[in-house]
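S.K.: Start from the sequences and build out the full structure, keeping to the hints where you can.
Number of protein chains: 2
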Amino acid sequence: MDLRGEPFRILGIDPGSRATGYGVIEKHGHSLTFVACGVIRATPKAALPLRLREIHDGVSEVIATHQPVKAAVEEVFVSVNAMSALKLGHARGVILLALVQQGLEVHEYSPRLIKQSVAGYGQAAKAQVQQMVRSLLSLSATPSQDAADALAVALCFASHWRPGGIQP
Amino acid sequence: MDLRGEPFRILGIDPGSRATGYGVIEKHGHSLTFVACGVIRATPKAALPLRLREIHDGVSEVIATHQPVKAAVEEVFVSVNAMSALKLGHARGVILLALVQQGLEVHEYSPRLIKQSVAGYGQAAKAQVQQMVRSLLSLSATPSQDAADALAVALCFASHWRPGGIQP
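Heads up: the protein sequence lines correspond to chains A and B, in order.
Per our numbering, the very first residue in the first sequence carries number 10; after that it's consecutive.
Per our numbering, the very first residue in the second sequence carries number 10; after that it's consecutive.
Keep in mind that the hints were calculated from the coordinates and are not lab data.
Hints may contain errors.
Which copy is meant is left open, so a pair is good if it fits within one copy or across any two.
[As the list claims (entries may be wrong)] Under the rule of at most 20 Å between Cα atoms (straight-line distance), these lysine to aspartate or glutamate pairs were calculated in the EDC-like manner:
#1 54 / 114
#2 96 / 117
#3 79 / 114
#4 54 / 117
#5 135 / 15
#6 54 / 84
#7 96 / 70
#8 96 / 84
#9 79 / 15
#10 54 / 66
#11 96 / 35
M.R.: Now the structure itself:
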């Protein structure tokens, strides 16, 4: 008898106005397996509505391909300036929409908690996060920064999730 | 022979994180007719992804019902703080997505140009905009502030649009 319960997939997202990282892992009891990761980029010179459609469609495609059932998204660090926050908000809005349209349960985590979960330290540098993600998922290569950040969000979800429990 | 060309409908949008105003007008040569206006509100206590879906679906429904072919959206006044800009960005992102998904041509105008177009003065007060919108479209009642702002964006588009021409 397998006491680990059913395996399920988690999609982690690191939203950005230029590049959105994504990472998919599978959780089966305490074991975590890498499924996929990558970066969704919108055409830089396209008009804003078209770029937003590319981001929305890119996220929808990742979900259709890898079939995650839960999603974790990085919260925004609010000390950015208003113009950057607005741009990021546009991208984040269509990403959250794609997640809910595809029926995923969505959770948000602060950058600090994400870093703490994977590197044991809330102020960890980007490169440390990349190395820890590589090590925790036994990857044969180091993922790009955006993809590693997305995998880190998924790992953060995995370490805080309890069956039937409430997210902290 | 009618020299006014084909009539077409314009959707004006005043995006907001709590309330999004919309207004539809029909342009036939120089004549402008009111079609519809209203406010899309998301359920205040729902989770952010669900609220974004309500806004996205609300805009899509307005387009399906009134069949506009061009859309005009108010640009964001960037002096707002970063947190407000982020919230507004989320809503604006899913609105722009709905417009492009339904095949509308999207134009953006500054609040200043919109006020100037309808009230002749870029610093016009909200109440003046409401009165001018009512008068320009011969409405029997004054629309709510959000709906009037959306109709003003549509009127701004109508006064700057030239057949085959470039938007200023």
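S.K.: None of the hints should be skipped; say for each whether it holds.
M.R.: Taking the hints in turn, this is what the structure says about them:
| no. | hint | result |
| --- | --- | --- |
| 1 | 54 / 114 | between (33 Å within a copy, 17 Å between copies) |
| 2 | 96 / 117 | both (19 Å within a copy, 15 Å between copies) |
| 3 | 79 / 114 | within (5 Å within a copy, 35 Å between copies) |
| 4 | 54 / 117 | between (30 Å within a copy, 17 Å between copies) |
| 5 | 135 / 15 | neither (33 Å within a copy, 57 Å between copies) |
| 6 | 54 / 84 | between (27 Å within a copy, 19 Å between copies) |
| 7 | 96 / 70 | neither (22 Å within a copy, 25 Å between copies) |
| 8 | 96 / 84 | both (15 Å within a copy, 12 Å between copies) |
| 9 | 79 / 15 | within (14 Å within a copy, 49 Å between copies) |
| 10 | 54 / 66 | within (18 Å within a copy, 27 Å between copies) |
| 11 | 96 / 35 | neither (31 Å within a copy, 31 Å between copies) |
Consistency with the previously given hints fails for numbers 5, 7, 11, ordered from lowest to highest.
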